[in-house]
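J.: Read top to bottom, the protein sequences are chains A and B.
Here the first sequence is numbered in the working numbering, starting from 1 and rising by one per residue.
Here the second sequence is numbered in the working numbering, starting from 1001 and rising by one per residue.
Don't take every hint at face value.
What the hints assert, rightly or not - In the DSS-like style, the derived pairs of lysine-lysine whose C-alpha atoms are separated by at most 25 Å in a straight line are:
{"hint": "1", "chain 1": "A", "residue 1": "42", "chain 2": "B", "residue 2": "1071"}
{"hint": "2", "chain 1": "B", "residue 1": "1058", "chain 2": "B", "residue 2": "1078"}
{"hint": "3", "chain 1": "A", "residue 1": "42", "chain 2": "B", "residue 2": "1061"}
{"hint": "4", "chain 1": "A", "residue 1": "57", "chain 2": "B", "residue 2": "1071"}
To be verified - Derived coverage of chain A by chain B (criterion: at least 3 residues anywhere in the stretch with Cβ under 8 Å from a Cβ of chain B; other residues may be distant):
{"hint": "5", "region": "37-51"}
{"hint": "6", "region": "97-109"}
Unchecked claim - What follows is a set of in silico ranges between Cβ atoms, one per label pair, in the way DEER data are often shown:
{"hint": "7", "chain 1": "A", "residue 1": "62", "chain 2": "B", "residue 2": "1002", "range": "12 to 22 Å"}
{"hint": "8", "chain 1": "A", "residue 1": "14", "chain 2": "B", "residue 2": "1009", "range": "33 to 43 Å"}
{"hint": "9", "chain 1": "B", "residue 1": "1071", "chain 2": "A", "residue 2": "11", "range": "34 to 44 Å"}
{"hint": "10", "chain 1": "B", "residue 1": "1022", "chain 2": "A", "residue 2": "96", "range": "46 to 56 Å"}
{"hint": "11", "chain 1": "A", "residue 1": "40", "chain 2": "B", "residue 2": "1003", "range": "17 to 27 Å"}
{"hint": "12", "chain 1": "A", "residue 1": "80", "chain 2": "B", "residue 2": "1086", "range": "21 to 31 Å"}
{"hint": "13", "chain 1": "A", "residue 1": "40", "chain 2": "B", "residue 2": "1046", "range": "15 to 25 Å"}
{"hint": "14", "chain 1": "A", "residue 1": "68", "chain 2": "B", "residue 2": "1111", "range": "16 to 26 Å"}
{"hint": "15", "chain 1": "A", "residue 1": "80", "chain 2": "B", "residue 2": "1052", "range": "23 to 33 Å"}
{"hint": "16", "chain 1": "B", "residue 1": "1068", "chain 2": "A", "residue 2": "101", "range": "14 to 24 Å"}
Simulated from the structure, these hints should not be mistaken for lab results.
Beta carbons: idealized from backbone N, C-alpha and C, even for Gly.
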Amino acid sequence: EPEVTQTPSHQVTQMGQEVILRCVPISNHLYFYWYRQILGQKVEFLVSFYNNEISEKSEIFDDQFSVERPDGSNFTLKIRSTKLEDSAMYFCASSEPFRPEQFFGPGTRLTVL
Amino acid sequence: AQSVSQHNHHVILSEAASLELGCNYSYGGTVNLFWYVQYPGQHLQLLLKYFSGDPLVKGIKGFEAEFIKSKFSFNLRKPSVQWSDTAEYFCAVYINTGGFKTIFGAGTRPFVKA
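This is chain B alone, in the form it adopts within the complex (with noise of 0.2 Å):
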């Protein structure tokens, strides 16, 4: 079955510390990978997006992350992070079996102390 694992749920870090969200997902066909952020209160933004072409790709808010294929990872980074990076953080695979549907993660909440 189609999956997406997210590690560290929950994770505390001070201000201008690095940042790294795992992800891996479990598909064998063609996948297009995303990250999206979702505020306290707010709807799903997109940070990224990988279709194809260059596995590191950047985002927006200084967000990167890359595809390695070989091991079915998608992890997002972001090098110096701010206190208003606190957010819950959902990577996604879009599959298409016939059907389309995007599957999400149980999403990441990072929490960073100003």
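The following block holds chain A by itself, in its conformation from the complex (with noise of 0.2 Å):
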């Protein structure tokens, strides 16, 4: 069964560095999102994307953070200057044009000392 995939599982960063979070989506899905869910809190939006653009992104998507779809496989979220609060779990999804089902993959563990 098709699935999901992030790369790292664990990021351990130093604050005020640039990290890179990869995401490779379901093959045939064309809506992107990232969540993240600090350690015993809610999921939260980060944002979602289609047709190379940003459909909708939450408040916590500062300009710190930024998207691509570099290639036609993965999907990347990149945070420029990282933050001790944005330590948490990471989580990558897709879905298929039009339905509203979302496919969440393993995540990515940041931590930002």
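Using the hints, put the two chains back together into the complex; each one sits in its own frame.
T.: Structure representation (structure tokens):
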């Protein structure tokens, strides 16, 4: 069964450093999403992406964040200058065109020191 | 603003007891509703979903949920829980306001005593 994959599974970085989290969505999906979950808290929407542009973003998704689909298979989330409060689990998701069901990846745990 | 509220953030019950987790959402448009489960250290798994049709939906692991439009609710139920059902349960609503996103509730963590 096709699934969403994410790399790395765990990323440790120093405050102020740039990180790129990678996701490979399911191949025929056209909608892509990033969510985050701070430890012990709920899952929060960050951004949705369709047709090579941001479809919707939350107030969390400020200028420090960016997303990109650099090729036909990857979908990346970049955090330019990480802060301590960016430490969280980041989930990528994808969905088929016009279908609300999203398939989630296993997540990348980002730890900012 | 759109939101999802879950009641009973922590629930303790014994095996074989019935479970009901409350969920209410705040959104006036068409909704697509989900329940996800997250076992410790694992990622989100879809339990069940409601898009349209029969408001009583059945999911995996013996779970079901009922959509009551007039109450903006989508409560999750299981007639007889097992110790292995100890996990975090998230109610979520997918909305389309030109852009697309899923809004999650804060989660409910039932603890099932063996």
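J.: Between residue 1022(B) and residue 96(A), is the Cβ distance one that fits in 46 to 56 Å?
T.: violated, 30 Å
J.: Taking the beta carbons of residue 1068(B) and residue 101(A), is their distance inside 14 to 24 Å?
T.: Taking Cβ atoms as reference, residue 1068(B) and residue 101(A) lie about 21 Å apart, which means the hint holds.
J.: If I claimed the Cβ atoms of residue 68(A) and residue 1111(B) lie 16 to 26 Å apart, would that claim hold in this structure?
T.: violated, 41 Å
J.: For the pair supplied as a hint, residue 42(A) and residue 1061(B), is the alpha-carbon distance within the 25 Å limit?
T.: holds, 23 Å
J.: Can you confirm whether chain B covers the region 37-51 of chain A, using C-beta to C-beta distances below 8 Å and requiring at least three such residues?
T.: It holds: at least three residues are needed, and the region 37-51 of chain A offers 7 whose Cβ sits within less than 8 Å of chain B.
J.: Is the straight-line distance between the alpha-carbon of residue 42(A) and that of residue 1071(B) 25 Å or less?
T.: holds, 23 Å
J.: Measure nothing beyond the straight line between the CA atoms of residue 57(A) and residue 1071(B); if it is 25 Å or shorter, mark the hint as holding.
T.: Not satisfied, since the Cα-Cα distance of roughly 28 Å exceeds 25 Å.
J.: When you take the CB atoms of residue 1071(B) and residue 11(A), is the distance between them in 34 to 44 Å?
T.: holds, 42 Å
J.: Indicate whether the distance between the beta carbons of residue 14(A) and residue 1009(B) respects the range 33 to 43 Å.
T.: holds, 34 Å
J.: Keeping to a limit of 25 Å between CA atoms, is the pair of residue 1058(B) and residue 1078(B) held or broken?
T.: Given that 25 Å is the threshold and the Cα spacing comes to 10 Å, the pair holds.
J.: Is it true that residue 62(A) and residue 1002(B) lie within 12 to 22 Å of each other by Cβ?
T.: At 20 Å between Cβs, range holds.
J.: Please check whether residue 40(A) and residue 1046(B) have a Cβ separation lying inside 15 to 25 Å.
T.: holds, 22 Å
In summary, the structure is inconsistent with hints 4, 10, 12, 14 and 15 from the numbered list given earlier, while agreeing with the others.
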